[in-house]
Amino acid sequence: MTGTGTQADPFIIMSAADMYAMSTAGGADVYCKLGADIDLNGTQYTDDFTPFPLNCAAFDGDGHTIRNVYKAAPGGTAALFEVMTSAVVFSGISMENIMLNAPLPNIFMSQTSGASVTISRCRFAMDITTTSSATNTSGDTKCILHDGNTAVNVQLSSFIIRAHMLKYQPFMSGGTLASSMFRISLQYLQTRDGTEGALSAFLINVNMTDCGFLGTVKLLTSTSGAIFYFASGGEHTNSYSAVVFNSMKYVYWDAYIRSTCIWRYTDNSNIVLRNDKGTSGYIKSFEINSMKNAATLRNYGFNCEG
Amino acid sequence: MSMSIISGRNEGFPCIPDVPDMHSTNLVVPYPGAAVIIDGTHCDGFPFTMTSSDLPGSVSPSVPYPLALMTVSAGYNSGFPAVRSAEFVNEVSFSQLCFGDVPIDELFFGSTEIKFAYCGGGTVFRKY
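Top line first, the protein sequences correspond to chains A and W. Sequential numbering from 1 applies to the first sequence in my numbering. Sequential numbering from 1001 applies to the second sequence in my numbering.
Just chain A, same shape as in the assembly:
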């Protein structure tokens, strides 16, 4: 690696080996920057991937891409990055073709509690398989984006997530989600109803503003009265969901809605939107054409140019 690791002269990372060198070369005051795309295909890390160490104050992808990460650990753990400092700014990076298979895989994990990551201007395209059938009634917050030791704030980023889940795993718990876009394809076999459902919502106590969700969520087994928690808790403003929900009875967008949020209308009377936080008056149900009309959205208080 070139550079000295200062903010003015960051370490320039050119390869997967350089990424792993951060483990010893980095530190809480160290700055790192990608100098090239990194492709793990055909490398020694192809079949034996371990989390990239994030041992720095800031990791700047500088527009580069890390691609082709594969980790299958059906009985173990799978994570993309290990956060080794208390706070990291993670920016300007695209993650492509990331495949994680584990009971509860994570993008960011940490060995110690109190770690935090600020994600800015990043893109993630991932294929996730979760194999955990554990019941969660104690608020275990091992999420797709982070584990229970790591807090994450996200802005100006996008996520494509295709997930095959035994039971659906939360995407994010706590933190903020701002000006970000999602395309999700979630398929799962077993429901989480009642208390477990709320504690395993896709978004748990996330403060969200100006975010959009497209895609599908599908329950693969026929279950009467099945519930999917899109959100539980948190304060949501100016966000929308155009997600298509299949094979479930109730979808909960159970957050504190502080300004107009939009929900895609479904003519499937079997699906009922629920919001028990008492602020459902701000959730508007629109057909697709109306969701694509800026003037209509503004008429109902949704802030949208165009």
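If you're looking for bench data, these hints aren't it; they were derived computationally from the structure. This structure is a prediction, so every number in the text was calculated from the model and none was measured. Treat the hints with care, as some may be off.
Said to hold, decoys possible - Lysine-lysine pairs mimicking DSSO-like chemistry, simulated, CA-CA at most 30 Å apart:
#1 W:K1115 x A:K249
#2 W:K1115 x A:K218
#3 A:K218 x A:K284
Chain A is fixed; fit chain W onto it per the hints.
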């Protein structure tokens, strides 16, 4: 940063102008050189994957094995799903491909979806 509806972006739904549109949802498998192999001389005949690098002299994939070809056939294993190798499949059977515990509906060789597979001039797999 607030949302905008921009022609040609995000399928017409509101988007964040500074956040580039996302990739196609058709993800490409990580390893273009990887394939599911059934070879009676390795792995006790069970399917396994190899990368584009040369196959090691001793192949012993770690267990549990994430990719398994399970078949359902009334005449085998009392009709319950079972992992089988190609040489033991001698009748037509419908299969559910599983990745771990989860059914999958797409199988790729490199970046090409597999719809048919052949062995010895005969069709051994067809996607319905």
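Do the hints match the structure? See the list:
| no. | hint | in the structure |
| --- | --- | --- |
| 1 | W:K1115 x A:K249 | 34 Å, violated |
| 2 | W:K1115 x A:K218 | 24 Å, holds |
| 3 | A:K218 x A:K284 | 22 Å, holds |
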